[in-house]
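Novice: So the chains spell out like this:
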Amino acid sequence: MDSVAIKGKNFLGFEIEINTDNIKNLKQELDVVLSSSAHFMKNSIITLRFKESNKQIANEAIKYIKEKDIIPNAIVVDSKEGLNTDIPVIELKNIHLLSDKQEQQAATYKGNLRNGQEIRVNGDLIITGNVNPNSYIYATGNIFVLGKLYGIPHAGYGGDNSCVIFAFDLNPPQIRIGDYITRSPEEGVNPKQQSSSVFEVAYIESGSIVISSYDDWIKLKN
Amino acid sequence: MAGKVLTITSGKGGVGKSTTSANLALGLALKGKKVVAIDLDIGLRNLDMILGLENRIVYDVVNIVEKTCKLNQALIKDKRTENLYLIAAAQTRDKSAVTSNQIKELTEELKKDYDFVILDSPAGIEGGFKNAMEPADEVIIVTTPEISAVRDADRVIGILEANDKKEMSLIINRIDPTLVKKGDMMSKDDVLQVLSIPLIGVVPEDKNIVSYTNLGEPSILHKDSKSGQAYKNIVQRLLGKDVEFMEITEEKKGFLKNIVSLFKD
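So the sequences go chain by chain: A and B. Position 70 of the first sequence, counted from 1, bears residue number 70 in the numbering used here, the numbering being contiguous throughout. Position 130 of the second sequence, counted from 1, bears residue number 1130 in the numbering used here, the numbering being contiguous throughout.
Hints listed in this document are in silico derivations from the structure and should not be mistaken for laboratory results. No false leads were mixed into what you were given.
Within a straight-line C-alpha distance of at most 30 Å, the following computed DSBU-like cross-link-like pairs (lysine-lysine) qualify:
1) Lys27(A) <-> Lys63(A)
2) Lys1079(B) <-> Lys1104(B)
3) Lys1034(B) <-> Lys1226(B)
4) Lys1226(B) <-> Lys1033(B)
5) Lys1077(B) <-> Lys1095(B)
6) Lys110(A) <-> Lys1012(B)
7) Lys68(A) <-> Lys27(A)
8) Lys1166(B) <-> Lys110(A)
9) Lys24(A) <-> Lys66(A)
10) Lys110(A) <-> Lys1165(B)
11) Lys42(A) <-> Lys68(A)
12) Lys1165(B) <-> Lys1112(B)
13) Lys1031(B) <-> Lys1111(B)
14) Lys1188(B) <-> Lys110(A)
15) Lys110(A) <-> Lys1130(B)
Bear in mind that the values here come from a model prediction, so they are computed numbers and not experimental data.
Starting from the given sequences, assemble the full structure and let the hints guide the process.
Specialist: Printed below as a string of structure tokens:
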């Protein structure tokens, strides 16, 4: 039953992920899924996501979905080689921030990141300096701040929920990891009381972002 | 002579940019340097009032760049010292009346004859701010120990760093030692931890500033003024002298004063 999945995407509206190469299974499952969701998908941007192994059924799938009054705006595939269609194709290998694991590497930034500045990198991000309030850091991998982290970090940008955020002083107003987001408690906003002397790590555990001291986290991992 | 263009800015409004500009300009002039202060807050001019030169304005900075007057005609001579001149902002126009190239041209011209050209920047990070930044040799950032002012100062420093203006220093204005002691106000060190640029001065809160401004007499002219003393120290540091930072402490009440205040209450 897992051959179709509908996912909300930040900027793209909805993405229909197709995980089968059997067109008969696909049609059956589309009938079920779309019967309940077609009405709110009609007016939003729809993309279809295929794997390398099943992109040959793309045209048939598009035809079927169009019959349901839903017009796909684009197809998302790893590579468009061997795909022949009149709908725009987004190749994942061309999307900068969503690179493959093996391309990942660490980027280092020296100095303070100030109010209004932002950094975006593929792979891990290491900052030696402070990340001040109202700045933003995005990495497709882990984030390590050797200093204060008071800006907003997003580790695992693009959906990697296994990433962690480490800082000498971890005190951001929000933490974003992969598909998750959390905000800091609004009590006790006195900045003096907030700053802690313990190194902290933020990570995802059973569906929510948790923060623990570096010592506790390292024990947990081993 | 190769003068220096010193821009005073802050990001946030109301932290004391113009008061600082007036005091530093006057202080440097009283030390024998030839100084010209330019008010770039076009449309909301203040510097002329703080310096007490309001009723001498005939031509202003917009007149100069539009060449409706000669440079000399718009230079307003200070009434206390021969060494200080002011170029006032136009009040009937706005920030878009001048471009940063025009200001740069003007300061290049003035640098030939003056030791210091002090640019009083408007608040914000838009056009008027850019006009004041473009010609700067050195930037002084003024902040107060409030989180909003410090955040804005941080933003400004970030913009300047991105534009390779490395020569920056910080003035922390309106520190109130009583509030710092109680933990209700950020201390000098708290501010420096966030902004991490060299400190050139700490100015204590001074209730008399309001009346000094109304009178058009900057506090540096008043011998017994604590803020005046702080500005004097900053002037010394600008001139390359190593002056120790003033200890900012609560005003101590003597035994007698305590008794008097008992009766007053």
